[in-house]
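**Student:** The primary structure of each chain is shown beneath.
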Amino acid sequence: MFALKMLKKIIVMFQSDISPDQIAWGFALGAILGLVPNFLVKIILFIIIMLFKVNLTSALIACTLFSIVGFAIDPLLDKIGYICLVNISALSPLYNWLYNLPIIPFTKFNNTVVMGSFILGLILIVPNGIFAKKALVFYRANYRDRVAQWKLIKLLNTALNATKIIKKIG
Amino acid sequence: MKFIRWNFLVPTVAVITLITIFNILFFDIILKKTLISSGEMIFGAKVEINNLSTSFTKVSVSIDGLKCADRNDYFRNLIDIDHIKFDAKFTPILKKKLVIDEMTVSGLKWGTQRKTSGQLPPKKEKKFNKKEKKDSKISKLFDSAKNKATAEFNKLPSVNAFSEIESQIKDFDVNKLIDKSNLQSVKEIENLSKDLENKYKNYQTTFENFKIEEKIQKTKVLIDDISKTKVTSFADISKTAKKIEELKDNKKELNNILKELDKAKKDISSNLNFSSQIQDIINKDVNNISSKLAIPSLDSRNISNMLLGQQWVNRVDKIIYYMSLIKQYMPEKTDKVKEQAKKREKGRDIIFAQRTYPTLLISEINISGTTVKDKQTSGLDFSGIIKNISSSPDMVSQPITLDIRGKNGTQNLAIEGLFDHRGTTSDDLLKISMAGASGQSLNIPENDYLPLINTANMKLSSRFELINGEFSCGADILIKDIKEKDLANIKGNMKYLAEITNTIKSFNVEANAKMDESNSLDFNVKSDIDKKMSDAISKLFSSKVNEAKAKIKEELNKIVKEQAKQAEDSLKSQKDELLKNINSQTNLIDDIKKSIKY
Numbered sequence: 000m001f002a003l004k005m006l007k008k009i010i011v012m013f014q015s016d017i018s019p020d021q022i023a024w025g026f027a028l029g030a031i032l033g034l035v036p037n038f039l040v041k042i043i044l045f046i047i048i049m050l051f052k053v054n055l056t057s058a059l060i061a062c063t064l065f066s067i068v069g070f071a072i073d074p075l076l077d078k079i080g081y082i083c084l085v086n087i088s089a090l091s092p093l094y095n096w097l098y099n100l101p102i103i104p105f106t107k108f109n110n111t112v113v114m115g116s117f118i119l120g121l122i123l124i125v126p127n128g129i130f131a132k133k134a135l136v137f138y139r140a141n142y143r144d145r146v147a148q149w150k151l152i153k154l155l156n157t158a159l160n161a162t163k164i165i166k167k168i169g
Numbered sequence: 000m001k002f003i004r005w006n007f008l009v010p011t012v013a014v015i016t017l018i019t020i021f022n023i024l025f026f027d028i029i030l031k032k033t034l035i036s037s038g039e040m041i042f043g044a045k046v047e048i049n050n051l052s053t054s055f056t057k058v059s060v061s062i063d064g065l066k067c068a069d070r071n072d073y074f075r076n077l078i079d080i081d082h083i084k085f086d087a088k089f090t091p092i093l094k095k096k097l098v099i100d101e102m103t104v105s106g107l108k109w110g111t112q113r114k115t116s117g118q119l120p121p122k123k124e125k126k127f128n129k130k131e132k133k134d135s136k137i138s139k140l141f142d143s144a145k146n147k148a149t150a151e152f153n154k155l156p157s158v159n160a161f162s163e164i165e166s167q168i169k170d171f172d173v174n175k176l177i178d179k180s181n182l183q184s185v186k187e188i189e190n191l192s193k194d195l196e197n198k199y200k201n202y203q204t205t206f207e208n209f210k211i212e213e214k215i216q217k218t219k220v221l222i223d224d225i226s227k228t229k230v231t232s233f234a235d236i237s238k239t240a241k242k243i244e245e246l247k248d249n250k251k252e253l254n255n256i257l258k259e260l261d262k263a264k265k266d267i268s269s270n271l272n273f274s275s276q277i278q279d280i281i282n283k284d285v286n287n288i289s290s291k292l293a294i295p296s297l298d299s300r301n302i303s304n305m306l307l308g309q310q311w312v313n314r315v316d317k318i319i320y321y322m323s324l325i326k327q328y329m330p331e332k333t334d335k336v337k338e339q340a341k342k343r344e345k346g347r348d349i350i351f352a353q354r355t356y357p358t359l360l361i362s363e364i365n366i367s368g369t370t371v372k373d374k375q376t377s378g379l380d381f382s383g384i385i386k387n388i389s390s391s392p393d394m395v396s397q398p399i400t401l402d403i404r405g406k407n408g409t410q411n412l413a414i415e416g417l418f419d420h421r422g423t424t425s426d427d428l429l430k431i432s433m434a435g436a437s438g439q440s441l442n443i444p445e446n447d448y449l450p451l452i453n454t455a456n457m458k459l460s461s462r463f464e465l466i467n468g469e470f471s472c473g474a475d476i477l478i479k480d481i482k483e484k485d486l487a488n489i490k491g492n493m494k495y496l497a498e499i500t501n502t503i504k505s506f507n508v509e510a511n512a513k514m515d516e517s518n519s520l521d522f523n524v525k526s527d528i529d530k531k532m533s534d535a536i537s538k539l540f541s542s543k544v545n546e547a548k549a550k551i552k553e554e555l556n557k558i559v560k561e562q563a564k565q566a567e568d569s570l571k572s573q574k575d576e577l578l579k580n581i582n583s584q585t586n587l588i589d590d591i592k593k594s595i596k597y
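Residue numbers (numbering that gives the first Met the number 0), protein chains in the order written: chain A, 0 to 169; chain B, 0 to 597.
Treat the hints as calculated values from the structure; they're not laboratory data. Just to be clear, a hint being listed does not mean it is correct.
Here are the simulated DSSO-like pairs of lysine-lysine, each with C-alpha atoms no more than 30 Å apart in a straight line [as the list claims (entries may be wrong)]:
(1) K1/B x K133/A
(2) K560/B x K107/A
(3) K264/B x K41/A
(4) K564/B x K548/B
(5) K525/B x K175/B
(6) K564/B x K458/B
(7) K550/B x K479/B
(8) K552/B x K107/A
(9) K550/B x K107/A
(10) K262/B x K531/B
(11) K552/B x K41/A
(12) K107/A x K7/A
(13) K88/B x K7/A
(14) K78/A x K479/B
(15) K186/B x K564/B
(16) K107/A x K250/B
(17) K4/A x K525/B
(18) K479/B x K41/A
(19) K1/B x K8/A
(20) K96/B x K41/A
(21) K107/A x K8/A
(22) K250/B x K592/B
(23) K247/B x K265/B
(24) K247/B x K107/A
(25) K430/B x K479/B
(26) K78/A x K250/B
(27) K41/A x K88/B
(28) K132/A x K265/B
(29) K219/B x K592/B
(30) K41/A x K345/B
(31) K52/A x K88/B
(32) K560/B x K550/B
(33) K579/B x K200/B
(34) K494/B x K513/B
(35) K107/A x K88/B
Pair by pair, the computed Cβ-Cβ distance ranges are [unchecked claim]:
(36) P74/A x E415/B: 33 to 43 Å
(37) F26/B x L93/A: 47 to 57 Å
(38) G422/B x N99/A: 22 to 32 Å
(39) I164/A x D27/B: 53 to 63 Å
(40) N99/A x S37/B: 23 to 33 Å
Note that the structure is predicted; figures quoted are calculated from it, not measured. All residues carry an ideal CB built from backbone N, CA and C; glycine is no exception.
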């Protein structure tokens, strides 16, 4: 059921008129959520995503996608993090200050992978947003109507409606 | 604000607000209950807190009226603190760590009386026992050692010795001690009487054997013959000369008999006085009877062990319990390294300058309080500092130090401690010295066999050491200015004991204990009270024994005189008769001697 619901939500996201900006923001923020391995940072990003009207489905898709990407590019993230934390000595006082603040050390920002993934996520926020928005606009302009005619989509709609009726009767 | 998702924000804020309100209202109660139950699990007795308040803005805790009952005496408080206040650092709390720079403990008292029992309810007691079984190797080790020592002290014969003394004094009766049938002097009178009787008989027999009358008669005949003889011929001369010779021999014999009679007379005529004759034997009898009043011998270490041994064991028990608690909550460093699970490429942690904290760190505790008040002392105000209490001493790189001092006129108190658990070994040292303290703090219950220790002044210097599981301790105690018991209020035989104990004005105690991990125990208590008690007992007893000896002698003389008089009376007639006989025989011999002219 959950898989079907998710599938429907994804289809709705593509086929409906939901604002491309919301979807783009969701995707960009979801990418950071997926990349950063620290639980506390994930919680903070989740709250931000929930707090603002960004598309949750696109955020979820990006989170899943970039979690897998994150595993694959851990060595790269480690290098980026190391450069940021160690090589840019001008930032050391900032890190020292952050390190001695309450709660902040729990974000494990001093870990190379955490810092690397967060930096990469931030760097990718704009490209991800632009990419998501453009891709969606392009899809809606060229493929939305055609996809709407697919038997699979109709079948999925029917199946979900039938499930709802069965639930109500049951 | 159209980009805000209100349907998420509003419930979230509502939930957070509710949690905050709940914490503000109930956090103090929850913390109080947690502290009480943790304390009860540590000390194994009831812990009470009058009031606890926290401040989230200052991250401070204030505790009023903390009372922790003593597991060894449920109607006493081990610790009684009026007020505790500390500010904790906020950041470490988020890491489940408690870091306190300065803590203030005021109105610290110990040994205060409780109105209610401090025993834990059965359920909690069971839980504590289960926990205690698991914990503290040293405590367990000491338990068996303590039981052994207690058994040893209880076996000491001092109590019997005291009871013997008491019963001796109680049962003292001269007449009971004198057993006539066993008196040597009486036997001697009987023997002397028999000897004298035999002697008289012997003299009588001897005199009879002399055949004095026969000899006198023979002499008379000879004298008569010689006087009637008329010398007519040469043969008559020789015949007469022969008779004269015979007469001379008779005279000689009679002279000898006379000498014997005279000697016998002298021998017999001396006064019959048995009692003066057997004076030495009477003295021997007196000594024999007096020996039954001998002072029971006291083992030199008996008294101090009996009086102070158990107290020493209990004191050491308490100290070792607290030392093992410190060891338990401040463990030495272990060589074990926790294995870290890697779920994902972990990266590298870049460490910036930051102080890391142990789970618990109290940098400084300022303590002030009062020692136990008793009848004699008004309690001593003290203050001091405990530094570097920490659950991981290696992180602090400083040992715990303890320095508490108090002075009030002649009274003073000093407690110094060093608990070093850095590295993989531990070294704990606690020194306690007191002067001008009340003897009451020794907790020796008053009894008839002891001087009034509770009224005395005490000077104490003790040292407790626990190095890598090997425990050793020693204490020197001087008890002085002991007041005398009021003899007017003591009745009966206990007066004697009071007289003994009143002679002791001061005494020293030296107590030691040593125990290693192999559970070999060496408890040792020495005191000059043993000698002082023994001397006092001897002194008192010797005067009592001398009194008794005089009574015994008087009584014996009376008995012996009576016995002698009876014997003398029965012998007197025999003696008189014998003397009369000697006199008459002597007179006869004297008369016949006068008739002999040759």
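**Student:** All hints, please: hold or fail.
**Tutor:** Hint-by-hint comparison with the structure:
Restraint check for K1/B and K133/A: satisfied, since their Cα atoms lie roughly 23 Å apart, inside the 30 Å limit. The suggested pairing of K560/B with K107/A is violated, with an alpha-carbon distance near 114 Å, which exceeds 30 Å. Restraint check: the Cα-Cα separation between K264/B and K41/A comes to about 141 Å, which exceeds 30 Å; the hinted pair is violated. Among the hinted pairs, K564/B with K548/B is consistent with the structure: their alpha-carbon atoms are about 24 Å apart, no more than 30 Å.
Of the pairs offered as hints, the one joining K525/B and K175/B is violated, with about 39 Å between alpha carbons and a cut-off of 30 Å exceeded. Of the supplied pair hints, the one linking K564/B and K458/B is violated, its CA atoms being roughly 67 Å apart against a limit of 30 Å. Proximity of K550/B to K479/B is assessed by CA-CA distance (about 39 Å); at most 30 Å being required, the pair is judged violated. Of the supplied pair hints, the one linking K552/B and K107/A is violated, its CA atoms being roughly 103 Å apart against a limit of 30 Å.
Between the alpha carbons of K550/B and K107/A the distance comes to roughly 100 Å, so the proposed pair goes past 30 Å and is violated. Only pairs whose Cα atoms come within 30 Å are accepted, and K262/B paired with K531/B is rejected, the gap being roughly 63 Å. Restraint check: the Cα-Cα separation between K552/B and K41/A comes to about 109 Å, which exceeds 30 Å; the hinted pair is violated. A hinted pair counts as satisfied when its Cα atoms are at most 30 Å apart, and K107/A with K7/A does not qualify at roughly 37 Å.
Of the pairs offered as hints, the one joining K88/B and K7/A is violated, with about 51 Å between alpha carbons and a cut-off of 30 Å exceeded. Distance check on the hinted pair: K78/A and K479/B sit about 78 Å apart at the alpha-carbon level, beyond 30 Å; violated. Restraint check for K186/B and K564/B: satisfied, since their Cα atoms lie roughly 14 Å apart, inside the 30 Å limit. For the proposed pair K107/A and K250/B, the alpha carbon gap of about 151 Å is over 30 Å, so the pair is violated.
Using a Cα cut-off of 30 Å, the hinted pair K4/A and K525/B is violated, with the two alpha carbons roughly 88 Å apart. Distance hint between K479/B and K41/A is unfulfilled; the C-alpha atoms sit about 74 Å from each other, more than 30 Å. For the proposed pair K1/B and K8/A, the alpha carbon gap of about 22 Å is at most 30 Å, so the pair holds. Proposed proximity of K96/B and K41/A is supported: the alpha carbons are some 24 Å apart, at most 30 Å.
At roughly 34 Å between alpha-carbon atoms, K107/A and K8/A are farther apart than 30 Å, so this suggested pair is violated. For the hint pairing K250/B with K592/B, the CA-to-CA distance comes to about 7 Å; that is within 30 Å, so the pair holds. A hinted pair counts as satisfied when its Cα atoms are at most 30 Å apart, and K247/B with K265/B qualifies at roughly 27 Å. Restraint check: the Cα-Cα separation between K247/B and K107/A comes to about 154 Å, which exceeds 30 Å; the hinted pair is violated.
Distance hint between K430/B and K479/B is fulfilled; the C-alpha atoms sit about 22 Å from each other, no more than 30 Å. A hinted pair counts as satisfied when its Cα atoms are at most 30 Å apart, and K78/A with K250/B does not qualify at roughly 160 Å. For the hint linking K41/A to K88/B, the alpha-carbon distance of about 26 Å falls within 30 Å, and the restraint holds. At most 30 Å may separate the alpha-carbon atoms for a hinted pair to count; K132/A and K265/B exceed this at roughly 163 Å.
Taken as a hint, the K219/B and K592/B pair is honoured in the structure, with Cα atoms around 10 Å apart against an allowance of 30 Å. Between K41/A and K345/B the CA atoms are separated by roughly 16 Å; this keeps the pair inside 30 Å, and the hint holds. Between the alpha carbons of K52/A and K88/B the distance comes to roughly 38 Å, so the proposed pair goes past 30 Å and is violated. Simply put, K560/B and K550/B have alpha-carbon atoms about 15 Å apart, close enough for the 30 Å limit, and the pair holds.
For the given pair, K579/B sits about 14 Å from K200/B by alpha-carbon distance, which is consistent with the 30 Å threshold. For the proposed pair K494/B and K513/B, the alpha carbon gap of about 40 Å is over 30 Å, so the pair is violated. Using a Cα cut-off of 30 Å, the hinted pair K107/A and K88/B holds, with the two alpha carbons roughly 20 Å apart. For the hinted restraint 33 to 43 Å between P74/A and E415/B, the CB-CB distance of approximately 57 Å leaves it violated.
Here the CB-CB span from F26/B to L93/A is close to 35 Å, at odds with the stated 47 to 57 Å. Between G422/B and N99/A the Cβ separation comes to about 28 Å, which falls inside the hinted range of 22 to 32 Å. For the pair I164/A and D27/B, the supplied restraint of 53 to 63 Å holds, since their beta-carbon distance comes to about 54 Å. In this structure the hint that N99/A and S37/B lie 23 to 33 Å apart at CB holds, the actual value being about 30 Å.
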